[in-house]
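Q: The chain contents come next:
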Amino acid sequence: MGVLDALNLDGINVVITGGGTGLGREMVRGMAEAGANVAIAGRRQGPIDEAADIVKAAGTKSMAVSTDVTDTAQVNRLFETVLAEWGGIHVLFNNAGIVRDEGRPPLWEITDESWRVGIETNLSSAFYCSRAVSKHMADRGSGKIVNVASGFGFRGGRDNYMYTAGKGGVVNLTRALGVSLGRYGITCNAIVPGFFPTEATNASSMSLPRGDLIPVGRTGFPREFGPVAVWLASAASDYMTGEMFIVDGGGLAGGMAPTGYGPITELA
Amino acid sequence: MPVPTDWTLEGKVALVTADARGWATVFAAALAEAGADVAIAGHSAEHVESAANAVRGMGKRAETLVGDFDGFDDTDAAADRVVSRLGGLDILIHASQTALGKPALDTTEFEWNTVMDGNAGSAFRWARAAGRRMVTQGNGHIVNVISEMAERGLSNHAPFSASQGAIQQMTRSLALEWGTAGVRINCIATGWMELNPPPLEEQQKELLVRYLPLRRKGTPDDIAALLIYLAGNFSDFTTGQTIFVDGGAMAHA
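Top to bottom, those sequences are chains A and B. When we follow the numbering used here, the leftmost residue of the first sequence carries the number 1, and every step to the right adds one. When we follow the numbering used here, the leftmost residue of the second sequence carries the number 1, and every step to the right adds one.
Chain B on its own, in the form it takes in the complex (with noise of 0.2 angstroms):
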């Protein structure tokens, strides 16, 4: 095995929040292959179990956790479900998001509030949740996966651009308040990412992936080896960052 040993999260138990895009999925299983167990939470029982089942195929202690976690007390209650079955709780991949496209003028003040609670809130949620064990036991890692429009807008996207940048600002501030208790929290955003994107050739007929410097959409496995890297210890010196994973998106003029 030429990779070096340093690559491991073996003994390490992972949190990682899912949505219906399946990507949590992809992360579990990476996150399990690294030698983690992994507890999977969200909304749909569905993607929930599909996330722990591919964790249990790697041969590593799967937990579900299904639910809407929308208050302070549910994703405390959550975290200690965790520590009180896997043993602990030292990674923290906030996977999940909450999307809208739609023209300002129709948005309503209902829609605002979901997508702002749905990932600002959900994000500090978590975050805030495992922090108080992280901080603690002196050590633990947090992901963020936001989009790369927590820098770049896009029209009919005010409320999840904003939602995105609040997650991006929070990460910043989290990294220098838990800094010297070993805390270590970053954000990868990803550009244009689909689980299963249409083959090459067809994506290259849609102007956006002409514009895009590598020329083809992103998926979830592109961004594995570095959430293992950002979940472990040999990242401790890495906080407070947002890496980009975007086919060169965000270098384009």
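Extracted from the complex, chain A is given alone in its bound form (with noise of 0.2 angstroms):
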């Protein structure tokens, strides 16, 4: 068997969350042409349902689950679903996100609702479904769950506290969900965007940097998260588990100087 062919997904079945949109469904499409059947959670029916369509595209199978991953009721209803209509669940990416757009409040007006819901949803979530699919995957011997962390997983970020906070969480939680499911067969890993323009993040007061201050000199294109979806969900990363995978255009190699370039010195 050759390299590449370890990067087959035909016959894998993925659940993935928040698959509807933005990154997620770059993902979605990357993995459904290595041959996965894609079933997709999220919270608009629309969205989801366009997706489910670029996977029946590609010939493979599909399912769209409305599915509100902060409400465990539903989570767990989601990974019901998709094994009573396919028997099993090979990798779950837990893509779920949410930046919210509320003007950028100093610290001494957000809510607790705000703290509340921005936590659930971009770290409790990944809790959840991967804790609904854990005993399936351990009862299997394998497994292979991906969080979707950020870069604000790892640097602050400006008037943004519940993005950072929770993706700052997710990076923990990939590192003791592999330490701790290793000894069922499950890995688990991270991919860390950088600056991904997305319908999101525009309608969002997010503040993206420009491409000129990222080290390669542009943000992401989306499609550029369908390779490295892929190369997790599939047997080529079976030794990689508790890491990140990060694709950001450099921004996290740098951080000493806004553009990363630092002046011209000789020898003394």
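These aren't lab readings, by the way, just hints derived from the structure by calculation. Backbone N, C-alpha and C fix where the C-beta goes; we use that ideal spot for every residue, glycine too. There are no misleading hints in this set.
Covered by chain B, per the in silico footprint, the following chain A stretches (three or more residues, Cβ under 8 angstroms):
| id | segment |
| --- | --- |
| 1 | 182-189 |
| 2 | 231-238 |
| 3 | 252-263 |
Given two chains presented individually in distinct reference frames, assemble the corresponding complex, making use of the accompanying hints.
A: Here it is in structure tokens:
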């Protein structure tokens, strides 16, 4: 078997949350093109139906399951539905997250409700979904969980508390899941996107840096997530767990200066 | 073929540095399988030739470069030779290392210098040699295969871990310096990895293996597909990063 054959996702059943839009939709497309059946969960029926159509066009099975991932009853029903229909789940992508447009209020104006919703959506949902699928994966003796964190999981973001703290939590949840579930044959890793303009970020007040402030000179294209998703969903990544796959145009490599440019000096 | 057609290196030329561990053979074969022609450079003619044969076995062109490559002139000349023989240089995989496990108090000045130069020095020389061409052509992918001792300490490994950390930092800085020139540079960091680890049952008698979340040692095959990803244009938004493929060791308390 060749190296590239390990990337084949034929017969692999994937569940992805927040798969209807943005980066999620591009990961759905990449995995379907690699042969996976993909169940897409999301709050709004329209976008997840559209993502399911992308899967159908690639010739594999799809399912669109309307789900609020902060509601554990709905989360449990999502996995029961997919298992009843397909009999097994090999891969879970915890991709759902929100950047809320609240006009970037100062800290003292943030409500309990804002904090709670932000943490529930960006962090707790990944825990709820992983918990719901873990017993099934442990019984099979194999499984892959892929979280979607953010560069804000490693660095601070101005006026950006719930997203930053939630994603930081996702980073360390990934490590705990990786260390804990290895004994059952389950791996857990996180994709860490940098700045990718999507509908959600465009509609929010979140400030994305201009492309020329990113080391590669541009923001990311959502389609650049397809190959990463395929690799993490496939047998090719079997020896990786508890780790981060950072795709950010070099952002986290720098940080000393806004453009990453340093002065030129000679040896004394 | 259900795998996305993205995963191809067809028409590209790669250069892989080889050492006596034999990993370069696995990497060179993987790059060739993905469509690249591959040059292999190293000190040991036997290991360089073995990697070249693996490339030819995949039906791709191979070029062998045997030498010490311990000066900028040597690596520059080697890179030029790859360009003249294989028609380009698009990918550099620095997969060779100089290992040393020794108490710090017994380590000689010669050993410190050899380990630092064999790892950090070598990675910089090769990146610079390949970077000259890559920056000019506006495209290139460099992967430094390092140890996760770049981030984690280990007794008897002060010079070696320092040299691995140096490569990781150099990678970050070069990613920033060459980012707008279209050159991508990343590290793959490995944990306890062997070309031919003992059978699973035998391995798991070791405390070390029982400590690893995935309960086995890795092999170079475990990073072969990742290497192809980082070597191709479809990873163009990934730079300055270290991807750890280590059975969960880094995540462990």
